[in-house]
Amino acid sequence: MIEIKSLVKIYQDGDNAGVKAVNDISFNVEEGRFYTLLGPSGCGKTTTLRCIAGLEKANGGEILVAGKKVFSALDGTFVPAYRRPIGMVFQSYAIWPHMTVFENVAFPLRVGKQRLSNAEIQKKVSTALEQVELSDYGERMATQLSGGQQQRLALARALVREPQVLLLDEPLSNLDAKLRERMRFELRELQRRLRITTLYVTHDQVEALSMSNIIAVMNSGVIVQEGPPRDIYLQPKTKFVANFIGSTNQMTGQVTKLEGNGTATVHTDDGEICCGILDGLIAGSRVVVVVRPESINLHTQQPPIGSNVIEGKIGAAMFLGEYVDCTVELGKNVLQTHQRYTLQVRRGDPVWVELPAGECMALPAE
Amino acid sequence: MATAAIPRTGKMTLSLDPALLIPVVGAGILVYLAVLPLLMLFVGSFQAEVAPREFVYTLKNYHAAYASEYTYSTFLNSLIFASGSAGLGFILGTMLAWLTERTNTPLRGIFVPLAVVPLILPGVLESIAWIFLLSPKFGYLNVWLTNLFGLKSPPFNVFSLPGMIWVHSVGQVPLAFLLMVAAFKSMDPSLEESAMMSGANTWQTFRRVTLRLLMPTAGSVLLILFVRTLESFETPALIGIPARIYVYTSEIYLAFNEYPPDYGRGGALAVGLLLLSAVGVWLYTRATKEGKKFQTVTGKAFRPRQFDLGGWRWVGFGFLTGYFIFVVLLPFLVLFWASFLPFFAAPSWDAVQKLSLDNYRYLNGFRPFWDALQNSILLATLTATVAMVLTSLVAWIVYKSRLPGAWILDFLAFVPITIPGIVMGMALILLYVAFPIPIYGTIWVLLIAYVTRFIPYGMRAASGSILQIHSELEEAASASGASWWETFKRVTLPLLRPGLVAGWIYICIVSFREFSTSVLLATGESRVLSILLFTMFEQGQVTVVAAIGVLMIATLLSIVAVFYKFTGKIGIQT
Chain A
1 MIEIKSLVKI
11 YQDGDNAGVK
21 AVNDISFNVE
31 EGRFYTLLGP
41 SGCGKTTTLR
51 CIAGLEKANG
61 GEILVAGKKV
71 FSALDGTFVP
81 AYRRPIGMVF
91 QSYAIWPHMT
101 VFENVAFPLR
111 VGKQRLSNAE
121 IQKKVSTALE
131 QVELSDYGER
141 MATQLSGGQQ
151 QRLALARALV
161 REPQVLLLDE
171 PLSNLDAKLR
181 ERMRFELREL
191 QRRLRITTLY
201 VTHDQVEALS
211 MSNIIAVMNS
221 GVIVQEGPPR
231 DIYLQPKTKF
241 VANFIGSTNQ
251 MTGQVTKLEG
261 NGTATVHTDD
271 GEICCGILDG
281 LIAGSRVVVV
291 VRPESINLHT
301 QQPPIGSNVI
311 EGKIGAAMFL
321 GEYVDCTVEL
331 GKNVLQTHQR
341 YTLQVRRGDP
351 VWVELPAGEC
361 MALPAE
Chain B
1 MATAAIPRTG
11 KMTLSLDPAL
21 LIPVVGAGIL
31 VYLAVLPLLM
41 LFVGSFQAEV
51 APREFVYTLK
61 NYHAAYASEY
71 TYSTFLNSLI
81 FASGSAGLGF
91 ILGTMLAWLT
101 ERTNTPLRGI
111 FVPLAVVPLI
121 LPGVLESIAW
131 IFLLSPKFGY
141 LNVWLTNLFG
151 LKSPPFNVFS
161 LPGMIWVHSV
171 GQVPLAFLLM
181 VAAFKSMDPS
191 LEESAMMSGA
201 NTWQTFRRVT
211 LRLLMPTAGS
221 VLLILFVRTL
231 ESFETPALIG
241 IPARIYVYTS
251 EIYLAFNEYP
261 PDYGRGGALA
271 VGLLLLSAVG
281 VWLYTRATKE
291 GKKFQTVTGK
301 AFRPRQFDLG
311 GWRWVGFGFL
321 TGYFIFVVLL
331 PFLVLFWASF
341 LPFFAAPSWD
351 AVQKLSLDNY
361 RYLNGFRPFW
371 DALQNSILLA
381 TLTATVAMVL
391 TSLVAWIVYK
401 SRLPGAWILD
411 FLAFVPITIP
421 GIVMGMALIL
431 LYVAFPIPIY
441 GTIWVLLIAY
451 VTRFIPYGMR
461 AASGSILQIH
471 SELEEAASAS
481 GASWWETFKR
491 VTLPLLRPGL
501 VAGWIYICIV
511 SFREFSTSVL
521 LATGESRVLS
531 ILLFTMFEQG
541 QVTVVAAIGV
551 LMIATLLSIV
561 AVFYKFTGKI
571 GIQT
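Residue numbers (the numbering used here), protein chains in the order written: chain A, 1 to 366; chain B, 1 to 574.
Isolated chain A, as found in the complex (with noise of 0.2 Å):
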């Protein structure tokens, strides 16, 4: 449904060279599939969303929106945002503030190549601001409307043309934390009922998880890793991955022997490690390994022997009510883990660290 193809996006910088906000990158949205660009800011995706809406004209490399050309360097083709099939939703949500609801959602029907008629925009107007629960809200001045109500209306505005594409920049970043959890629920919700191709922007890695079919995460300008959630979470590829997306351990170390069926042997400043690796890393490579908090096992007594296990000290102990938060003082290294909140450990307390060695991955170290 969308099909970006070397997209390359640069932005003058006073006199200097163009600063390359998009730098090559290419990807499909297959059509009713939630397919999210995740990133830092200042990594491009909010760019590469403008691009495909039409707001920025890329400077090389081609989009299509709908099997339909909309944007190409090579032949100079530049459909205007007006003329491209779209839906988008703002950061801000730009609702307009001198008009009413009903005004917002009708906007996009009175400015349409094709004139409806009266009764036609009050039907679909309806139907949009029923689909997001408006219905009671039309005669309101879009103003009046809570930060919720407003990140809904937004949505019904940009469904109501009935877009072959649908673009989220971030809609829910403004909302409170509570608010926004339920809007991550009701906004997948729509989506699958309408089964809307839907491309979403955001830096936040639990939105990201929690709908999307794909995610692309980006890092200066390009796509590092593309894939389902799970296998961004747990097959990241690269460091910056591993970061981003949850908080990680990391231990440095070098390969000393490839066990085959992708898994190896690393030596790190806290012994001997068995963990995944990725395709490509040989015997004495540096890596990183990384492990995520809540693979860790904790002992407070010392396990039969076992394969990954570590002996430290209790560093630091919070309880959050769901986990226990614990930092492991290990030789050289520190652990985060999290554990259950049944756990009672003070600071000092010996402990043991399991590494299960499935939930390791060594990645390389740059």
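One or more of the hints may lead you astray.
Only pairs whose alpha carbons sit at most 16 Å apart, straight line, appear in this in silico EDC-like list of lysine to aspartate or glutamate [unchecked claim]: (1) Lys178/A to Glu162/A; (2) Lys113/A to Glu525/B; (3) Lys332/A to Glu322/A; (4) Lys489/B to Glu133/A; (5) Lys332/A to Asp270/A.
From chain B, some residues computed to sit far from chain A (all C-beta separations above 12 Å) [unchecked claim]: (6) Arg228; (7) Tyr284; (8) Ala346; (9) Lys354; (10) Val491; (11) Leu495; (12) Thr555.
By construction, these hints were calculated from the structure, which means they are not laboratory data.
Model, not experiment: these values are computed from the prediction.
Even for Gly, the Cβ is constructed at its ideal location relative to N, Cα and C.
Please build the complex by placing chain B on the supplied structure of chain A, with the hints as guidance.
Relative to the frame of chain A, chain B by itself:
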């Protein structure tokens, strides 16, 4: 990699395609309005007419203007007048602002709008009203005080430098007040509270924190008051010239009013005043930029701390009441009273019996009054319309088009703020006396002068409202399928309207009361109200002048009323 990176100079997202033409035309208009007259002034100041229509280049004008001893007394007068007015205006304005914003003075809330009321009084009327009150011969206050205390001589003489300073500075107080209120309002109370938590008492806190934080603002407010006084001509014309106290602006006026007019010397003087004012404005913009360092606004909503004055708050209340009665109300009352008198007389039982509507009846049949009123209204509305259309276009180019070189337009639109009114008049005389199209002596040359002078005000209103519109509001329209024109018509324009209307009305008001440019340019059939007031006052028809003044104030008040109605109705809270 198929990325033939096409080099592009800027990013134009929503700009229309013939976009290059508009900025060029805009720049052309601005150069014509703001730069060309100054160029003519500069050239003219180096020219002397040796035979009719025959000019030679010379330094004689500058010699005549700056090498005489006489000029230095004028300079000294200007300096005393400007620093005195700036200082007094600042002290009064700051007192009012502090008492109403930061203390628990009783009823301080109602004094805030009252302190701004004098803005409605045109400078010419301000001077006339104070002459009514403080003239040594017939001024009401002098007469009363002399009778009351049996004084031998009147205690006040408005026809003196201190008199000029008083009259001009009370006119400046509202400006100083507004600027200082803004400064007091934006002060984060936690800065003072943390000083108190560090052990400083109220006085120490005030001296070591509050005062220091205000320093940059105070400096720039003083500077702007100084420059504005230097440029002003109302008080120097109505009080200074009769008192033979000449300042810079009156010198330029007199050079023009001699027979034959000495354009060369006037031009040379005007160039000097222009440079002084430009330096002042430059220092001011620099100071306010510096002031950003001290900026105490954090975007967090807060209520400034209030000082508990204890028993002193009644002193504060007394000061506010006294200021309101004597400085704000009295000038209005005296004009109103005098407008019903056949000749000037102090309020007494005798005088009350002479009160009549004769002055207004006289005006009804007085052709020049109706002509001047018509000119003034026509000019005010035309100026406001032309200036707002021009500046909203320029502001849009500067802030939205992201065209390279848009800052040049911004700069050109800022230039007129440095041009003192009387210098503008001088420059336009030099430009249009020999202009192929005979517009000199008509209201069109006044229109050009007003539009040029008030472009910066228009810019402020237009750019303010354009910057307020989040670009996503326009992009959302674009993403909803609206073309450039539909976006402009249905989203941009409705959102801009309140700001543009406010700017329009403000320019309307300042055009209506304009004096210092008109005094050189308005002649005969192009006479406007403020000039009519001036000439009739010089001729001694003082009570008729008072009647014109009352009608003028009434007109201005109705404009303001419309303004409040409009901003109240279509103001959009975002």
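Now the hints, each set against the structure:
1. Of the supplied pair hints, the one linking Lys178/A and Glu162/A is violated, its CA atoms being roughly 29 Å apart against a limit of 16 Å.
2. Proposed proximity of Lys113/A and Glu525/B is contradicted: the alpha carbons are some 55 Å apart, above 16 Å.
3. This hinted pair does not check out: Lys332/A and Glu322/A have alpha carbons roughly 29 Å apart, beyond 16 Å.
4. Of the supplied pair hints, the one linking Lys489/B and Glu133/A is violated, its CA atoms being roughly 30 Å apart against a limit of 16 Å.
5. Taken as a hint, the Lys332/A and Asp270/A pair is honoured in the structure, with Cα atoms around 6 Å apart against an allowance of 16 Å.
6. The Cβ of Arg228/B lies farther than 12 Å from every Cβ of chain A, with a closest approach of about 36 Å, so its non-interface assignment holds.
7. For Tyr284/B, the requirement that its beta carbon stay farther than 12 Å from each beta carbon of chain A is met, with the minimum near 28 Å.
8. The Cβ of Ala346/B lies farther than 12 Å from every Cβ of chain A, with a closest approach of about 56 Å, so its non-interface assignment holds.
9. No Cβ of chain A approaches the Cβ of Lys354/B within 12 Å, the least distance being about 56 Å, so the stated non-interface status holds.
10. With a closest Cβ-Cβ approach of about 6 Å to chain A, Val491/B is found to fall inside the 12 Å limit, against its non-interface label.
11. At roughly 6 Å from the closest C-beta of chain A, the C-beta of Leu495/B falls inside 12 Å, breaking its exclusion from the interface.
12. With a closest Cβ-Cβ approach of about 31 Å to chain A, Thr555/B is found to remain outside the 12 Å limit, as its non-interface label requires.
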